[in-house]
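Undergrad: Here is how the chains run, residue by residue.
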Amino acid sequence: MTPKAALGAMAIACLGLGLLQAGVNPVAPSKKKLELNFWNGWTGPDGRIALLMIRKFNEENPDLHVSMQRMPWDTYYNKLMVACTDGRGPEIFVVHASTLPRMQRAGFLDRVDDLYSGPEGVPKSDFEPYVLNQTVFDEHNVGLPLDIHPQGMYCNMKLLRSAGFDRPPQTKVEFLRAVRALTKDTDGDGLPDQWGFSMSQWQNNYQSLVPQFDGRYLDADGNPTLNSPADVRALEFFEQLAKEKLLPPPENMLGWIGFRQGKVAMVWDGVYMLGDLKRLNDLEYVGAPIPVIGNHPGTMADSHVLCVRTDLTHEQREGAERFIRYFSAHSVEWADAGQVPARLSVRHSAAFGKMQVQSAFAKQIPNMLYPARTPVLFEIALEINLAVEKVIRGRADAQDALDVANKNSQGFIARDRAEQRK
Amino acid sequence: MTYVQKRSLSGLLFLAPYALAFAAFVLAPIAVALVLAFMQFDLTSRSTIHFVGAKNFSDAVKDDYFRQAFVVTLRYVVLMVPGLIVASLGMAMGMNAMTRGRNTVRALLFLPGMFNVAVTAILWMWFYDGQFGLFNYLLKGMGVGPAPWLSDKSWAMGSIVLMSLWWACGGTAIILLAALQQIPKQIFEAAAIDGAGPAPLFSKITLPQLKPVLLFVVVTNTIAAFQVFGQPYLLTRGGPELSTRGLVQYIYETAFNNYRLGYGAAMSWLLFLVVAAFALAQYRFLRRGSV
Chain A
12 MTPKAALGAM AIACLGLGLL QAGVNPVAPS KKKLELNFWN GWTGPDGRIA LLMIRKFNEE
72 NPDLHVSMQR MPWDTYYNKL MVACTDGRGP EIFVVHASTL PRMQRAGFLD RVDDLYSGPE
132 GVPKSDFEPY VLNQTVFDEH NVGLPLDIHP QGMYCNMKLL RSAGFDRPPQ TKVEFLRAVR
192 ALTKDTDGDG LPDQWGFSMS QWQNNYQSLV PQFDGRYLDA DGNPTLNSPA DVRALEFFEQ
252 LAKEKLLPPP ENMLGWIGFR QGKVAMVWDG VYMLGDLKRL NDLEYVGAPI PVIGNHPGTM
312 ADSHVLCVRT DLTHEQREGA ERFIRYFSAH SVEWADAGQV PARLSVRHSA AFGKMQVQSA
372 FAKQIPNMLY PARTPVLFEI ALEINLAVEK VIRGRADAQD ALDVANKNSQ GFIARDRAEQ
432 RK
Chain B
-8 MTYVQKRSLS GLLFLAPYAL AFAAFVLAPI AVALVLAFMQ FDLTSRSTIH FVGAKNFSDA
52 VKDDYFRQAF VVTLRYVVLM VPGLIVASLG MAMGMNAMTR GRNTVRALLF LPGMFNVAVT
112 AILWMWFYDG QFGLFNYLLK GMGVGPAPWL SDKSWAMGSI VLMSLWWACG GTAIILLAAL
172 QQIPKQIFEA AAIDGAGPAP LFSKITLPQL KPVLLFVVVT NTIAAFQVFG QPYLLTRGGP
232 ELSTRGLVQY IYETAFNNYR LGYGAAMSWL LFLVVAAFAL AQYRFLRRGS V
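Residue numbers (the numbering used here), protein chains in the order written: chain A, 12 to 433; chain B, -8 to 282.
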């Protein structure tokens, strides 16, 4: 082979390799994939499961390529708001049901009524009306609920059995008996170092009891009712626990970490914390509904809602809907991340039935209460948090703390209404 | 073109890249923030954006949370700045007196300042941890019960200041050490021959000679202290009961969590005015009597 011919052969070889590297088939050129961006705040083990689901979706849908970007929730919402109001946001994104009012008002959530209609549509009857209604604004759906994440009770069965309990407590009497029996000084220094119960997310723990007493955050006109007798009674329960020294002192509030270490027998937290427990091999735990402390069962919950941005092209919109339907249909895989699927048909599957914690938490769904449905939720949530904190620290009683929270919340809502009138 | 004109032009060209970046990323945002401060600008409700005059400013003055955050910030400034100056000056004088190993000590003291605030906060969260923390472990060894470093209203701010001192002292100490080394030794020797003891040497020679550098250190650290955000945000998120939520955190939450950009901008301008007033007052006070 002459040097000229060798050079020519090398050039052809390079060209061929280059085409292959670029993903171009020189024999049968294929259609370019449609790129879709999917943003969420699933930065924990849930994100890894979502990534596996997306890989499967991409394999099964060769004309689409979904890329996921995840970031901590507080950063996420800032970025999402700025990007979407400027028209540069992702095609598909996750919004908590409780955050939908703010996002909906910002005007970048597209209506997705067609997701629920047609032969491939997701039937509305496959959701609890209460859950589905969280996504309805002006009689239109702006998203599809993927899951429900209720608060529930995690129990260390080894500790419970050591005090003579062979199952998680279900009533106030049983719960208090277990808490008192399991709060002990095991090392003899005069201070308890094992606790029957510890609060984890203070605000969420309190809000888990609000529906049990038939409490609400807003009345039918959207005015705050944070200091209603029912809400006060829910907070008084924790006030009583703190007064009786059945809660660890704030400087040593063990919460979730204490439960992981086996120093706390019972803790109330979200079903999403399951991913953290799954990494522990030596903790014998079960999930259970929050005991009935009030008039009937109940807990706090929220949902991840899959949404699409306005101003998508027809192709983008079609691809986004296909992805959302896929994710919803495969939500039993998502449940493994520590979630309860929003769809009834998925929850009735055998695979979900085998998920002990998720199934136990799901029992509370008929009695759950979502956070206040208002665009000023963050400000009201801060007031609730402050009220709970003051009570746990013994700086105010439940009534006074919630009176202040309610008065301030009235101010936020009045301000928001005045601003919206202009 | 004359030689002088050429020199001016080349100077401007050298400056241009930075000047452009400064205009785009500092001046323009400041101007935008000034405009926003006079607007009702809610990112979730763009149809309601309109000019409201000085309403955002008057609302801020009446806002209990703004006043609370201002008091918290002031507490931090009052604890942090004098603490920093005293500790840094002590460290600088100690290093200045050293005859061996000064460079090693200087490098070690400067080390914490090289950490990012997030790294520093994570490290100190372990120090302060109620159950496993180093400090409570040491206290337990001394037979003292656990201290509520970050979980009690009366402790949290002090704990944040302590961490900030550890983080910031080294850099300030090195600046003061450099200034101390510039003071001619003959002045101290002459005063010592005249019978001056350590206290007069410090008050009559060291402090007056350090005054220009102290002015710089006090003003820059006061400005930085008014802008405190990272340390309380990472250590306590502003708690317990908002006792460590400073102005910058409140502005951040208002503008970027609640999307009320107009109100947030107005509070930023109020903070700027307060910082400017303090800096000016310190400048005038410390310049008095200077040559």
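If you're looking for bench data, these hints aren't it; they were derived computationally from the structure.
Ideal Cβ positions, reconstructed from N, Cα and C, are used throughout, including at glycine.
One or more hints might be untrue.
[What the hints assert, rightly or not] Mimicking BS3-like on lysine-lysine, the simulated pairs with C-alpha atoms at most 25 angstroms apart in a straight line are:
1. A:Lys418 to B:Lys144
2. B:Lys195 to B:Lys176
3. A:Lys195 to B:Lys131
4. A:Lys256 to B:Lys131
5. B:Lys202 to B:Lys176
[Claimed, not checked] Now the in silico label distances, taken between C-beta atoms and shown as ranges:
6. B:Leu11 to A:Gly118: 28 to 38 angstroms
7. A:Leu229 to B:Lys53: 38 to 48 angstroms
8. A:Asp85 to B:Ala19: 50 to 60 angstroms
9. A:Gly98 to B:Ala19: 20 to 30 angstroms
10. B:Leu65 to A:Pro134: 36 to 46 angstroms
11. B:Ala19 to A:Lys256: 18 to 28 angstroms
12. B:Lys53 to A:Arg384: 23 to 33 angstroms
13. B:Thr39 to A:Tyr141: 45 to 55 angstroms
14. A:Ala361 to B:Leu129: 52 to 62 angstroms
15. B:Asn248 to A:Leu63: 50 to 60 angstroms
16. A:Ser78 to B:Val77: 51 to 61 angstroms
Undergrad: Between B:Leu11 and A:Gly118, is the Cβ distance one that fits in 28 to 38 angstroms?
TA: holds (34 angstroms)
Undergrad: Between B:Lys195 and B:Lys176, does the CA-CA distance stay at or below 25 angstroms?
TA: Distance ~14 angstroms between B:Lys195 and B:Lys176 Cα, so the pair holds.
Undergrad: Would the hint linking A:Lys418 and B:Lys144 be met if the CA-CA limit is 25 angstroms?
TA: Answer holds: A:Lys418 to B:Lys144 is near 23 angstroms, not above 25 angstroms.
Undergrad: Do the Cβ positions of A:Leu229 and B:Lys53 conform to the proposed distance bound of 38 to 48 angstroms?
TA: violated (25 angstroms)
Undergrad: Does the Cβ pair B:Thr39, A:Tyr141 satisfy 45 to 55 angstroms?
TA: violated (31 angstroms)
Undergrad: Evaluate the given range 23 to 33 angstroms for the C-beta pair formed by B:Lys53 and A:Arg384.
TA: holds (28 angstroms)
Undergrad: Between the alpha carbons of A:Lys195 and B:Lys131, is the straight-line distance 25 angstroms or under?
TA: holds (20 angstroms)
Undergrad: Between the alpha carbons of B:Lys202 and B:Lys176, is the straight-line distance 25 angstroms or under?
TA: holds (17 angstroms)
Undergrad: Check the following: the C-beta atoms of A:Ala361 and B:Leu129 are separated by a distance inside 52 to 62 angstroms.
TA: Holds, at about 55 angstroms.
Undergrad: For A:Asp85 and B:Ala19, compare the CB-CB distance with the range 50 to 60 angstroms and indicate the outcome.
TA: About 26 angstroms separates the Cβ atoms of A:Asp85 and B:Ala19, which means 50 to 60 angstroms is violated.
Undergrad: Quick check on a hinted range of 18 to 28 angstroms for B:Ala19 and A:Lys256, using CB atoms only.
TA: Hint violated: Cβ distance 57 angstroms, outside 18 to 28 angstroms.
Undergrad: Mind checking the hinted window 51 to 61 angstroms against the Cβ distance between A:Ser78 and B:Val77?
TA: holds (54 angstroms)
Of the hints listed earlier, those the structure fails to meet are numbers 7, 8, 10, 11, 13, 15, in rising order.
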